[in-house]
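Participant: The residues making up each chain are set out below.
Protein chains: 2
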Amino acid sequence: MPRVVDHAARRSEIVLALWGVIHERGLDGVSFRAVAEAAGVSIGRIQHYFASKEELIREGCTQMVVAAQSRYAELSRSGGPEHQLWTLVSGPVPSTRPQRLGAAVWYAYLAKSVAEPALREIIGAAIEDAGARAIRLLTTVRSGADGEGTDAVGARHGAEARSRSEHEALALLALGDGLAQRVVVGAIDGPEALAALAEEFTRRGLTPGGILD
Amino acid sequence: MPRVVDHAARRSEIVLALWGVIHERGLDGVSFRAVAEAAGVSIGRIQHYFASKEELIREGCTQMVVAAQSRYAELSRSGGPEHQLWTLVSGPVPSTRPQRLGAAVWYAYLAKSVAEPALREIIGAAIEDAGARAIRLLTTVRSGADGEGTDAVGARHGAEARSRSEHEALALLALGDGLAQRVVVGAIDGPEALAALAEEFTRRGLTPGGILD
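Line by line, the protein sequences give chains A and B.
With our numbering, letter number 110 in the first sequence gets 111, and the count goes up by one each step, no holes.
With our numbering, letter number 167 in the second sequence gets 168, and the count goes up by one each step, no holes.
Hints in this document: simulated from the structure, not taken from any laboratory.
A hint or two may mislead.
In this list, chains with the same sequence are indistinguishable; a pair is considered to hold if it fits within one copy or across any two.
[Said to hold, decoys possible] Taking lysine to any residue pairs in the SDA-like style, the calculated list, with each CA pair at most 25 Å apart, reads:
hint: 1; residue 1: Lys54; residue 2: Ser96
hint: 2; residue 1: Lys54; residue 2: Ala133
hint: 3; residue 1: Lys54; residue 2: Gly21
hint: 4; residue 1: Lys54; residue 2: Ala199
hint: 5; residue 1: Lys54; residue 2: Arg143
hint: 6; residue 1: Lys54; residue 2: Ala74
hint: 7; residue 1: Lys54; residue 2: Gly92
hint: 8; residue 1: Lys54; residue 2: His84
hint: 9; residue 1: Lys54; residue 2: Pro209
hint: 10; residue 1: Lys54; residue 2: Glu167
hint: 11; residue 1: Lys54; residue 2: Arg78
hint: 12; residue 1: Lys54; residue 2: Thr208
hint: 13; residue 1: Lys54; residue 2: Gly187
hint: 14; residue 1: Lys54; residue 2: Glu14
hint: 15; residue 1: Lys54; residue 2: Glu25
hint: 16; residue 1: Lys54; residue 2: Leu76
Quick caveat: nothing in here was measured; it's all calculated off a predicted structure.
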């Protein structure tokens, strides 16, 4: 179905251009005209895919989440649950310039989400999704089983272990975000952030980087 | 010196109006005209105090840092080093609506700092300042002494204790920021964030909330 692929590619191009505009001028600097110029397409082309500026901005936020999830899926594929957990928690720490730019766009969305319930919902769902995944992984790791998706193990361990995993998942994910924030502003660099995260994993009896297959 | 007070008050008014504009329209929506309208003063008045839009924006960032430091100074005054540490680490977690709006403006600055070295410098210095303070406090707490500023105790304990304090300070401060981020987007509420932080303090043998005099 070449037409479908085409459409997806064109939408992606527009979203990429949108991110560039957000980085240059902020979310409030977004207009169909600005995005069209950045993408090198007509305004009509953008209107064909997005009914409003707001819809385009929301789609840009959703695609940031999708990009992060794809990156996680790819990086975590080759490892067990500890490796998956490490990949999830260290994911926000930018290690390349494009990733730092991406983080800047993400903070622009965070800033705007306070006033925009639609954005808050997208970001909130992504955070909840990562939280649920981290809880599953931690429950699995702590029970000594391997691989994600063996929820039965979690159930066996009971509500107490689950509650412990919930607290631990929140602490680890929040730490990853807080370290990422420091890398974005240049207070520490990527390797320093990962070292701090690795130390925290070790302190909790988890293997930093996890175990690759 | 009433004139001096006047000037400071007028600058504050302008900066408050600036924050409102940033919250409404983002950093890229800032103009002398928009801030003048929000402050209910003339553009000339703003130009009297700030040579350029960029200077005003930088001053707004500096004043965010100053406000956070004043809040810390006030809240931490009545306690020992553990209380001061708790106040410092939990400081970014917003617990009122104005604080959430303030956090949104802070994220707008974070987002922009990737492309603006002047902002990165202000934010980086604030992060470094908080880090140095946390290290001093932790070193004091761990050595069993009381009160900030007894750096001699830290020196006695040697470089190893200091390095441990450095890692611990980074982990605690980053956790506070990551939890604050979740509160801003509504993924958890203020009390949940503080509970997670309290648990982490307890796990590290620190008293959540610290000890008040």
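Participant: With reference to the structure, classify each hint as holding or not holding.
Facilitator: Hint check results:
For a Cα distance limit of 25 Å, the shortest separation of Lys54 from Ser96 qualifies neither inside one copy, at 31 Å, nor across copies, at 32 Å. In the homo-oligomer, the alpha carbons of Lys54 and Ala133 never lie at most 25 Å apart, since the shortest distance is 32 Å inside one protomer and 44 Å across protomers. Taking identical chains as interchangeable, the C-alpha atoms of Lys54 and Gly21 lie at most 25 Å apart whether they share a chain (15 Å) or sit on different chains (23 Å). Taking the closest pair of Cα atoms, Lys54 and Ala199 never come within 25 Å of each other, the shortest separation being 41 Å inside a single copy and 42 Å across copies.
For the homomeric pair Lys54 and Arg143, neither the shortest alpha-carbon distance inside one copy (46 Å) nor that between copies (54 Å) is at most 25 Å. For the identical chains of this complex, Lys54 and Ala74 are neighbours neither inside a copy (30 Å) nor across copies (43 Å), given an alpha-carbon limit of 25 Å. Taking the shortest alpha-carbon separations for Lys54 and Gly92, neither the intra-copy value of 29 Å nor the inter-copy value of 36 Å comes in at or below 25 Å. For the identical chains of this complex, Lys54 and His84 are neighbours neither inside a copy (39 Å) nor across copies (47 Å), given an alpha-carbon limit of 25 Å.
In the homo-oligomer, the alpha carbons of Lys54 and Pro209 never lie at most 25 Å apart, since the shortest distance is 42 Å inside one protomer and 45 Å across protomers. Proximity of Lys54 to Glu167 under the C-alpha cut-off of 25 Å is found in neither arrangement, the shortest distances being 37 Å within a copy and 45 Å between copies. Taking the shortest alpha-carbon separations for Lys54 and Arg78, neither the intra-copy value of 36 Å nor the inter-copy value of 48 Å comes in at or below 25 Å. When the C-alpha separation of Lys54 and Thr208 is checked against a cutoff of 25 Å, the pair qualifies neither within a copy, at 45 Å, nor between copies, at 49 Å.
Taking identical chains as interchangeable, the C-alpha atoms of Lys54 and Gly187 lie at most 25 Å apart only when they sit on different chains, with a minimum of 24 Å there against 32 Å within one chain. Taking identical chains as interchangeable, the C-alpha atoms of Lys54 and Glu14 lie at most 25 Å apart only when both belong to the same chain, with a minimum of 16 Å there against 33 Å between chains. In this homomeric assembly, Lys54 and Glu25 come within 25 Å of each other (Cα to Cα) both inside a single copy, at 17 Å, and across copies, at 17 Å. For the homomeric pair Lys54 and Leu76, neither the shortest alpha-carbon distance inside one copy (33 Å) nor that between copies (43 Å) is at most 25 Å.
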